[in-house]
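Peer 1: The residues making up each chain are set out below.
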Amino acid sequence: MDPLHDMNLDAPHSMGTTIIGVSYDGGVVLGADSRTSTFSCWFRVISALPPPGMYVANRASDKITQLTENVYVCRSGSAADTQVVSDYVRYFLHQHTIQLGQPSTVKVAANLIRMLSYQNKNMLQAGLIVGGWDKYDGGQIYSVPLGGTILKQPFAIGGSGSSYLYGFMDQAWKEGMSKDEAEKLVVKAASLAMARDGASGGVIRTVIINADGVTRNFYPGDTHPLWHDELEAQNSLLDVLSSGGAACPEPMST
Amino acid sequence: MYCIEDRFLMSKCMPEWILTLEEQGWYPYVTGTSVIGIKYKDGILMAADTGGSYGSTLRYKSVERMKVIGKHSLLGASGEISDFQEILRYLDELILYDNMWDDGNSLGPKEIHNYLNRVMYNRRNKFNPLWNSLVLGGVKNGNKYLGVVTMLGAHYADNHVATGFGNHLAVPILRSEWKEGMSFEEAVKLLEKCLLVLLYRDRSSINKFQIAKITEEGATIYPAYSLKTFWGFSAFQNPGQFAEGTW
Numbered sequence: 001m002d003p004l005h006d007m008n009l010d011a012p013h014s015m016g017t018t019i020i021g022v023s024y025d026g027g028v029v030l031g032a033d034s035r036t037s038t039f040s041c042w043f044r045v046i047s048a049l050p051p052p053g054m055y056v057a058n059r060a061s062d063k064i065t066q067l068t069e070n071v072y073v074c075r076s077g078s079a080a081d082t083q084v085v086s087d088y089v090r091y092f093l094h095q096h097t098i099q100l101g102q103p104s105t106v107k108v109a110a111n112l113i114r115m116l117s118y119q120n121k122n123m124l125q126a127g128l129i130v131g132g133w134d135k136y137d138g139g140q141i142y143s144v145p146l147g148g149t150i151l152k153q154p155f156a157i158g159g160s161g162s163s164y165l166y167g168f169m170d171q172a173w174k175e176g177m178s179k180d181e182a183e184k185l186v187v188k189a190a191s192l193a194m195a196r197d198g199a200s201g202g203v204i205r206t207v208i209i210n211a212d213g214v215t216r217n218f219y220p221g222d223t224h225p226l227w228h229d230e231l232e233a234q235n236s237l238l239d240v241l242s243s244g245g246a247a248c249p250e251p252m253s254t
Numbered sequence: 001m002y003c004i005e006d007r008f009l010m011s012k013c014m015p016e017w018i019l020t021l022e023e024q025g026w027y028p029y030v031t032g033t034s035v036i037g038i039k040y041k042d043g044i045l046m047a048a049d050t051g052g053s054y055g056s057t058l059r060y061k062s063v064e065r066m067k068v069i070g071k072h073s074l075l076g077a078s079g080e081i082s083d084f085q086e087i088l089r090y091l092d093e094l095i096l097y098d099n100m101w102d103d104g105n106s107l108g109p110k111e112i113h114n115y116l117n118r119v120m121y122n123r124r125n126k127f128n129p130l131w132n133s134l135v136l137g138g139v140k141n142g143n144k145y146l147g148v149v150t151m152l153g154a155h156y157a158d159n160h161v162a163t164g165f166g167n168h169l170a171v172p173i174l175r176s177e178w179k180e181g182m183s184f185e186e187a188v189k190l191l192e193k194c195l196l197v198l199l200y201r202d203r204s205s206i207n208k209f210q211i212a213k214i215t216e217e218g219a220t221i222y223p224a225y226s227l228k229t230f231w232g233f234s235a236f237q238n239p240g241q242f243a244e245g246t247w
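Keeping their order, the protein sequence lines are chains A and B. The letter at position 208 of the first sequence is residue 208 when you use my numbering, and the numbering goes up by one with no holes. The letter at position 67 of the second sequence is residue 67 when you use my numbering, and the numbering goes up by one with no holes.
In case anyone wonders, no lab produced these hints; they're calculated from the structure. Every value quoted in this text rests on a predicted model; they were computed, and no experiment measured them. In this text, a Cβ means the ideal position worked out from N, Cα and C, and glycines have one as well. Don't take each hint at face value.
As the list claims (entries may be wrong) - In the DSS-like style, the derived pairs of lysine-lysine whose C-alpha atoms are separated by at most 30 Å in a straight line are:
id	chain 1	residue 1	chain 2	residue 2
1	A	Lys184	B	Lys61
2	A	Lys174	B	Lys61
3	B	Lys71	A	Lys152
4	B	Lys228	A	Lys152
As the list claims (entries may be wrong) - Restraint-style ranges between C-beta atoms, simulated for each label pair:
id	chain 1	residue 1	chain 2	residue 2	range
5	A	Gln99	B	Arg118	51 to 59 Å
6	B	Asn99	A	Asp137	25 to 33 Å
7	B	Ala157	A	Ala60	57 to 65 Å
8	B	Asn99	A	Gln99	25 to 33 Å
9	B	Glu186	A	Gln102	33 to 41 Å
10	B	Arg203	A	Gly26	36 to 44 Å
11	A	Asn235	B	Thr20	39 to 47 Å
12	B	Lys179	A	Gln99	29 to 37 Å
13	A	Ala57	B	Thr20	50 to 58 Å
Start from the sequences and build out the full structure, keeping to the hints where you can.
Peer 2: Dropping the structure here:
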């Protein structure tokens with residue numbers, strides 16, 4: 001009787017990214033990986049398309065996009081859909097700022113994102129995290145997942161890589177972190193997700209927004225900590241052998 | 001003569017009444033599970049957990065699925081949260097216009113229930129449903145009212161109602177143990193009994209609930225809280241003892 005039973009309970013599919021937003025006392029830290037992979041296509045097209053979901057089209061994308069001076073959005077899902085939604089919202093907010101005579105609030109930006117996501121829910125594949133700072137409510141994070149729900153949260157995770165972070169964030173996130181603690185958490189989380197999610201990788205970009213302004217940071221792969229089963233990066237095997245670190249294996253005979 | 005069997009192609013050129021909603025692109029994404037409502041001595045009590053599931057993931061754990069509507073009603077929703085948020089926007093407008101009459105009258109639960117029924121049924125007829133099951137309860141001029149509207153536009157009112165899994169697990173308990181004129185304490189205990197069963201047996205439920213009350217005086221949504229669960233049955237200790245591999 002209730003259609004909740006008819007639906008495929010495991011329906012929603014993941015999106016090739018890891019995005020994170022964490023608020024702290026005084027602002028927010030937004031973070032994301034930088035991998036854009038090719039989208040799987042259900043047309044039987046005879047052409048030399050790269051295999052679905054397996055080619056890294058861009059290994060250094062910037063998924064944290066500016067909406068206004070004080071509000072940014074982390075994009076996951078279809079690159080095209082999220083670009084066009086954020087373009088529209090940037091345009092609306094620009095006009096809103098002129099009319100208002102002062103910077104837009106984070107809530108308004110998030111609700112515009114929600115409006116577009118909700119009204120076009122059957123066509124869009126966009127999971128967005130809106131983060132920013134305004135003088136009324138300080139740092140705020142709003143989650144706008146598939147479907148166009150809007151939820152204000154102290155921190156938010158999204159994208160396919162986020163599956164690996166639910167447990168981690170449950171344990172590691174604490175109330176009342178400082179700016180540096182918050183950024184360290186974002187970088188650690190993104191790094192862990194990238195270690196396990198094939199659709200996430202590259203560099204970690206963070207954007208810190210507070211009353212003083214906006215700071216962009218860049219953490220390339222060689223600055224991340226090593227996780228389980230990962231090895232220190234080398235220039236060549238020759239260096240490993242010459243440093244005499246690992247025991248040189250004996251040649252096998254028969 | 002051509003026969004199009006490729007349903008993807010069909011979805012691009014055939015009317016809505018041939019394709020399932022999923023084929024047209026309508027999926028629920030962030031969903032809430034059961035809502036339960038009962039009448040008691042002073043008014044209506046409603047309960048729901050604060051979970052927002054994303055498929056099988058329990059993704060959001062602080063979603064308020066019950067809201068106060070106007071002066072006399074409470075609305076609880078299960079199903080797609082974004083559609084519930086949109087319904088709240090419609091109701092905001094409805095209540096605003098009602099207040100603007102400034103005539104001392106205000107929309108009661110029966111009227112809100114009817115309005116929601118019209119909205120849900122009309123959307124269903126256009127094959128563009130709001131993916132929710134709604135529980136609408138309230139008190140006006142001493143009259144208690146408790147009703148349900150589903151995503152198909154079906155509606156009914158009763159002394160005790162539930163949505164989703166609650167229909168199967170809570171309603172039988174309520175049919176057996178609900179009685180007229182229960183005190184607040186008795187009613188809360190009864191709801192908690194149902195909530196616990198749902199917690200044990202509904203995969204999408206979480207251990208964080210809210211209870212909401214509406215009486216002639218007004219509405220209260222109590223802060224979220226968790227219930228203690230019981231796992232002390234001796235049968236739970238070593239169920240595979242005499243039948244290795246059993247579950």
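Peer 1: Indicate, hint by hint, whether the structure satisfies it.
Peer 2: Hints, one by one, checked against the model:
1. Lys184(A) with Lys61(B): Between Lys184(A) and Lys61(B) the Cα gap is close to 24 Å, so the pair holds against 30 Å.
2. Lys174(A) with Lys61(B): Judged against 30 Å, a Cα distance of about 16 Å means the pair holds.
3. Lys71(B) with Lys152(A): Distance ~26 Å between Lys71(B) and Lys152(A) Cα, so the pair holds.
4. Lys228(B) with Lys152(A): Since the Cα atoms of Lys228(B) and Lys152(A) sit roughly 28 Å apart, the hinted pair holds (cutoff 30 Å).
5. Gln99(A) with Arg118(B): 51 to 59 Å: Violated: the Cβ-Cβ distance is about 35 Å, outside 51 to 59 Å.
6. Asn99(B) with Asp137(A): 25 to 33 Å: The hinted range 25 to 33 Å holds for Asn99(B) and Asp137(A), with Cβ atoms some 26 Å apart.
7. Ala157(B) with Ala60(A): 57 to 65 Å: At roughly 59 Å between Cβ atoms, Ala60(A) and Ala157(B) fall inside 57 to 65 Å, so the hint holds.
8. Asn99(B) with Gln99(A): 25 to 33 Å: The hint (25 to 33 Å, Cβ to Cβ) holds, given that Asn99(B) and Gln99(A) are roughly 26 Å apart.
9. Glu186(B) with Gln102(A): 33 to 41 Å: 53 Å, violated
10. Arg203(B) with Gly26(A): 36 to 44 Å: For Gly26(A) against Arg203(B), whose Cβ atoms are near 39 Å apart, the range 36 to 44 Å holds.
11. Asn235(A) with Thr20(B): 39 to 47 Å: 56 Å, violated
12. Lys179(B) with Gln99(A): 29 to 37 Å: At roughly 58 Å between Cβ atoms, Gln99(A) and Lys179(B) fall outside 29 to 37 Å, so the hint is violated.
13. Ala57(A) with Thr20(B): 50 to 58 Å: 33 Å, violated
Of the numbered hints listed earlier, those contradicted by the structure are 5, 9, 11, 12 and 13.
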